[in-house]
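K.L.:
Using the sequences plus the hints, can you model the full thing?
For the protein sequence lines, the chains are D and C, in the order given. Quick note: my numbering has the first sequence finishing at residue 200, numbered continuously throughout. Quick note: my numbering has the second sequence finishing at residue 200, numbered continuously throughout.
The set of hints was computed from the structure by calculation and includes no laboratory data. Warning: the hint list may mix true and false statements.
Claimed, not checked - Residues of chain C clear of chain D, computed beta-carbon distances all greater than 12 Å:
hint, residue
1, Asn-67
2, Leu-92
3, Ala-184
Claimed, not checked - Calculated pairs, BS3-like style, for lysine-lysine (alpha carbon to alpha carbon, straight line, at most 27 Å):
hint, chain 1, residue 1, chain 2, residue 2
4, D, Lys-179, C, Lys-30
5, C, Lys-126, D, Lys-194
6, D, Lys-132, D, Lys-42
7, D, Lys-94, C, Lys-126
8, C, Lys-188, D, Lys-30
9, D, Lys-188, C, Lys-194
10, D, Lys-188, C, Lys-113
11, C, Lys-30, D, Lys-126
12, D, Lys-194, C, Lys-188
13, C, Lys-113, D, Lys-179
14, D, Lys-179, C, Lys-179
Computed from a prediction, not measured in an experiment: that's the story for all the values here. Glycine included, every Cβ here is placed at the ideal spot set by N, Cα and C.
Listed below, chain by chain, are the residues.
Number of protein chains: 2
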Amino acid sequence: MSDCGKLIVVSGPSGAGKSTVISRVMEQDKSVVFSVSATTRKPREGERDGADYYFIDTERFQKMIDNGELLEYARYVDNFYGTPKAPVEENLAKGLSVLFDIEVQGAMQIRDKCPEAILIFVIPSKFSEIEKRLHARGTDSEEKILQRIRTARIEYSMALNYDYIVLNDDPDTAANEIKSIITAEKCKTANRQKYLSEVC
Amino acid sequence: MSDCGKLIVVSGPSGAGKSTVISRVMEQDKSVVFSVSATTRKPREGERDGADYYFIDTERFQKMIDNGELLEYARYVDNFYGTPKAPVEENLAKGLSVLFDIEVQGAMQIRDKCPEAILIFVIPSKFSEIEKRLHARGTDSEEKILQRIRTARIEYSMALNYDYIVLNDDPDTAANEIKSIITAEKCKTANRQKYLSEVC
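P.N.:
The structure is reproduced here in structure tokens:
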């Protein structure tokens, strides 16, 4: 099919379960490619360099900023995160959609630079679930968890800038919502006018 | 789930294969109810009164217009078609979505009265397919087929007023597009603000 690729930005507070949902989408929709971000934060257990993130040091990150190699970047809880530009452009040129897992500051930068990007905010239907999941994860100190919860509250206040809110109480339902959004966006009349032009 | 019901208007020229696609959607998504239209046209083979249409005479139709019992109505190729208002209101009150199979004039009336309605136009990816299908159907005279093709061209020129264009080269793919649109519309930020209000 000749539907064009889309930029799909997915954000959500820590504990929203975004990563699991995104993995399901990537497994099930082969027209979507994951944009691997660069970050200065340390890898968590199981995370692989070049697949989950490009894990780089602050000096290299600064160089990418200086050389204009990043589509967006932001500082978030003591670390830098950014999106390398080149792979995004290569995938769009192939007609593939590119999915970005980025936080709200980065998402707003993408929206400014690419107004056609689709912004999706992932949350559980109850905020209390976020606190529960952050504690259950068991990787952060109590202080870090409280900081993440404060950050989550700020992020919620930015959610009105997003196009869609996906509810993640169950990862399969949430993945289905994201896939549905991608499909629906391709069906928008503005994206399919060429099928009318033959006749009108 | 407490997502609200939607009004989903599906139009498309004769030969677009709309009815088959709509049947698949209805089979697969039980949160959607089909709005049975009233019409003065004669039943086609296999069509059942009260399920496919309410088949009524012109006098009864005129009375429904006069009593304000129709949400919309239109004349189309010598016959009247209209949407009884009461069942729509009953289903929305139950939180169900209501799907309307109506032609472009009726769709524009629904949009005027219910600006939140979602308008979907179904077409094959090639116009030539419409002519092929109308001939293959074998139920209409050559003159009637030509009239339908002329009408189809006029309808195509109205498609830019729709929110979405669904391509029906294969009924399952088209049904999946419609289901995705319904899901995506429920995910729109404006429809899910309540999940933020707890926090913001």
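K.L.:
Enumerate the violated hints, using their earlier numbering and listing them in ascending order.
P.N.:
3 and 13
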